[in-house]
Structure formats: C-alpha cells, structure tokens
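Novice: Below are the chains, spelled out letter by letter.
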Amino acid sequence: MQSGTLSGVDIFDETDRLQVIVELPGVSKEDISVNVKANALKIVAMAGARQYHRHIDLGVPVKGEPEIHYNNGVLEIMLGKA
Amino acid sequence: MEKKKVKNNEPILDFGLKFGGILTELGNFTQDITKMVEEGKTEMNRTGEISFDKSQKRKGMYGISVRMGGDGMPRVDTFGRRPESETREPIVDVFDEADRLQVIVELPGVEEKDISLELKDRTLILTAGKGERKYRKEIDLGATVKGEPKKQYKNGILEINLKKA
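Line by line, the protein sequences are chains A and B. Counting from 1, one number per residue, gives the positions in the first sequence under my numbering. Counting from 83, one number per residue, gives the positions in the second sequence under my numbering.
One or more hints might be untrue.
[Claimed, not checked] Straight line, CA to CA, 20 angstroms or less: simulated EDC-like cross-link-like pairs of lysine to aspartate or glutamate:
| hint | chain 1 | residue 1 | chain 2 | residue 2 |
| --- | --- | --- | --- | --- |
| 1 | B | Lys216 | A | Glu76 |
| 2 | B | Lys212 | B | Asp196 |
| 3 | A | Lys81 | A | Glu14 |
| 4 | A | Lys29 | B | Glu188 |
| 5 | A | Lys29 | B | Glu193 |
| 6 | B | Lys228 | B | Asp181 |
[What the hints assert, rightly or not] Away from chain A, derived, C-beta distances all over 10 angstroms, residues of chain B:
| hint | residue |
| --- | --- |
| 7 | Glu168 |
| 8 | Val176 |
| 9 | Glu188 |
| 10 | Ser198 |
| 11 | Leu199 |
| 12 | Asp203 |
| 13 | Arg204 |
| 14 | Gly213 |
| 15 | Ile221 |
| 16 | Lys232 |
| 17 | Lys233 |
| 18 | Gln234 |
[Unchecked claim] Have a look at the derived ranges for each label pair, beta carbon to beta carbon:
| hint | chain 1 | residue 1 | chain 2 | residue 2 | range |
| --- | --- | --- | --- | --- | --- |
| 19 | B | Glu120 | A | Met46 | 25 to 31 angstroms |
| 20 | A | Asp13 | B | Leu201 | 24 to 30 angstroms |
| 21 | A | Glu30 | B | Lys212 | 26 to 32 angstroms |
| 22 | B | Leu201 | A | Gly59 | 43 to 49 angstroms |
| 23 | A | Gln51 | B | Lys228 | 33 to 39 angstroms |
| 24 | B | Lys202 | A | Ala82 | 51 to 57 angstroms |
| 25 | A | Gly80 | B | Ala247 | 42 to 48 angstroms |
| 26 | A | Gly59 | B | Lys232 | 43 to 49 angstroms |
No lab work stands behind these hints, which were simulated from the structure alone. It should be emphasised that the depicted structure is a prediction, and the values quoted were computed from it without experimental measurement. The C-beta atom is built at its ideal place from N, Cα and C for all residues, glycine as well.
Produce the complete structure using the sequences and hints provided.
Specialist: Printed below as a string of structure tokens:
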C-alpha cells in the first residue's frame, strides 16, 4: 500500500480543453509539481509527512502548458486539447 | 465550476449492486489489516470508485481508513462521498494530548467561513462547505471538553484544539 492519503480526482471535458480537479489537502502551492506527458498527467506533492503521487489518465492528448491554481487544498489544472 | 458539473444523480445500478462493487474492491481488507499489523504500519486507506452518471464522467470515491491506536486496536473510519448523498464524510484524526485534544480534519475546497462546529457532550459535530462541496461528520472525542473549540484552517486542513474538562 502506497503511503499518503488518497483523495478525489475529477476530470471535466469542455470541448477544446480539460479541467482536472485534484484534492491535495495539507500542502502548499510550492510543494506541487505537475507534469504532462501525452495523454497523462503526473502530479507530485510533498510536504513533510504528506505525500501525494497521482497519475491521471486523461483519455485524450493535450498540448501546451497547464494552467494551475491551488486554493484551500484543491488543485485545478486547465489543459488544452491537442 | 458548478455549471459544468453533470447533474444527474440517477443511479445506474441500485445501491445494493453499487455497494456490492465497492465491497469487491475492499474485498481483501481483513488480509490487509493483518499485513499492516505485521509490517508495523499505522495507517491504511482503501477506496473504491462509484459512478454517478451514465456517461461515467462523474465518479465518486468512497473508502475506509484504518489507523492503529496507541492501544494496538485498529480504528476503522469511513470517508468519501456516499453515492446517495452530495455530503461527504471527511477524514478525521483525533489526538489526545494530556490536557487537550487536537482534531485534524481534511476539508479540501471549502472556505473558512463555511465551517461550523457544535459540541454535544463528547461529540463534535462538524459541518462545512456549501454548494457542491459539503462535508459533515460527527466526531467522537472520547473525552469531555470545555470552552470554545479553537479552529485554524489552511490549505484544506482544519485543525481544532479543545481543552479537556
């Protein structure tokens, strides 16, 4: 069993872009790294004992830099579809 | 965010089947607990996914959290979003610290002003959030407390400090 707390992931398909909502309570924005590779999103966040590793299959290819917002423990990522 | 959400809570399957699926996911739970004890781990979560709508775009998550208490007894808690309700049960930790209790609650996505606490004997009733993100949990404190609970909310984590009576 992987250490760290499991939390919810939501993906919203919006015609030309994807919105991904990931719950990462207990970390700061600086602790979060987001990597996009083809159809997948890799999110790593580490803040002491709290460690998150998320591999999210997006289902469609994406392009460009992800737009990232973090507020109140929720990470919001906007991605353009390729 | 609300406008984009697929608002269709009509179940694809009846609850029995839904929970049946979850139970399959959680199937080897007893084995996992045994393994956890053997490996000296103190915390473990198991989750299952629940689909809310026919297109499978919206999925819920429901899980069981097991933590070993200092007395060697496992504490089992549920968390996540129940399929029949929009209100979720947050993950809660209660720490007993001599003259006070510290309660840590994971409440991602709410505003501090939308968090309310109510004390009823040894139970702390927490409600938080509004709209699409709502949480509720009755927390058994295991001790009588006095005074007002002190709360602090940061990055989706609520920390509550209570004085023991």
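Novice: Now tell me if each hint is right for this structure.
Specialist: For each hint, the structure was consulted:
Taking the CA atoms of lysine 216(B) and glutamate 76(A), the gap is near 18 angstroms; set against the 20 angstroms cutoff, the hint holds. Between lysine 212(B) and aspartate 196(B) the alpha-carbon distance is near 7 angstroms, which keeps this suggested pair within the 20 angstroms criterion. The hinted pair formed by lysine 81(A) and glutamate 14(A) meets the criterion: a straight-line CA distance of about 9 angstroms does not exceed 20 angstroms. Pair hint lysine 29(A) plus glutamate 188(B) holds up; C-alpha atoms about 17 angstroms apart against a cutoff of 20 angstroms.
Using a Cα cut-off of 20 angstroms, the hinted pair lysine 29(A) and glutamate 193(B) holds, with the two alpha carbons roughly 17 angstroms apart. With a CA separation close to 11 angstroms, the supplied pair lysine 228(B) and aspartate 181(B) stays within the 20 angstroms bound. Against the 10 angstroms criterion, glutamate 168(B) stays outside the reach of chain A, whose nearest CB is about 13 angstroms from its own CB. The Cβ of valine 176(B) sits about 16 angstroms from the closest Cβ of chain A, beyond the 10 angstroms cut-off, so the non-interface label holds.
Separation of glutamate 188(B) from chain A is inadequate, the least Cβ-Cβ distance of about 5 angstroms not exceeding the 10 angstroms criterion. Distance to chain A confirms serine 198(B) as a non-interface residue, since its nearest Cβ pair spans about 16 angstroms, more than 10 angstroms. Residue-level check passed: leucine 199(B) sits 17 angstroms from the nearest beta carbon of chain A, beyond 10 angstroms. Consistency note on aspartate 203(B): stated as away from chain A, and its beta-carbon is indeed over 10 angstroms from all of that chain's, at 28 angstroms minimum.
Against the 10 angstroms criterion, arginine 204(B) stays outside the reach of chain A, whose nearest CB is about 26 angstroms from its own CB. At the 10 angstroms boundary, the C-beta of glycine 213(B) stays outside the reach of chain A, the nearest C-beta of that chain being 13 angstroms off. At roughly 17 angstroms, the least C-beta separation between isoleucine 221(B) and chain A is larger than 10 angstroms, which holds for a residue marked as non-interface. The non-interface label for lysine 232(B) is consistent with chain A: the shortest C-beta to C-beta separation is roughly 19 angstroms, beyond 10 angstroms.
With a closest Cβ-Cβ approach of about 14 angstroms to chain A, lysine 233(B) is found to remain outside the 10 angstroms limit, as its non-interface label requires. For glutamine 234(B), the condition that its CB be more than 10 angstroms from all CB atoms of chain A holds, with the nearest at approximately 13 angstroms. Distance hint check: the CB atoms of glutamate 120(B) and methionine 46(A) are about 27 angstroms apart, consistent with the given range 25 to 31 angstroms. For aspartate 13(A) and leucine 201(B), the hinted distance range of 24 to 30 angstroms is not satisfied, since their beta carbons lie about 44 angstroms from each other.
Judged by the Cβ atoms, the range 26 to 32 angstroms given for glutamate 30(A) and lysine 212(B) holds: they are separated by roughly 28 angstroms. Taking 43 to 49 angstroms as the suggested C-beta distance range, the pair leucine 201(B) and glycine 59(A) conforms, at roughly 46 angstroms. Checking the proposed 33 to 39 angstroms range against glutamine 51(A) and lysine 228(B) shows it holds: the Cβ atoms sit about 36 angstroms from each other. Evaluation of the 51 to 57 angstroms hint for lysine 202(B) and alanine 82(A) yields a pass: the beta carbon distance comes to about 54 angstroms.
At about 57 angstroms, the beta-carbon gap between glycine 80(A) and alanine 247(B) misses the expected band of 42 to 48 angstroms. At about 45 angstroms, the CB distance of glycine 59(A) to lysine 232(B) agrees with the hint of 43 to 49 angstroms.
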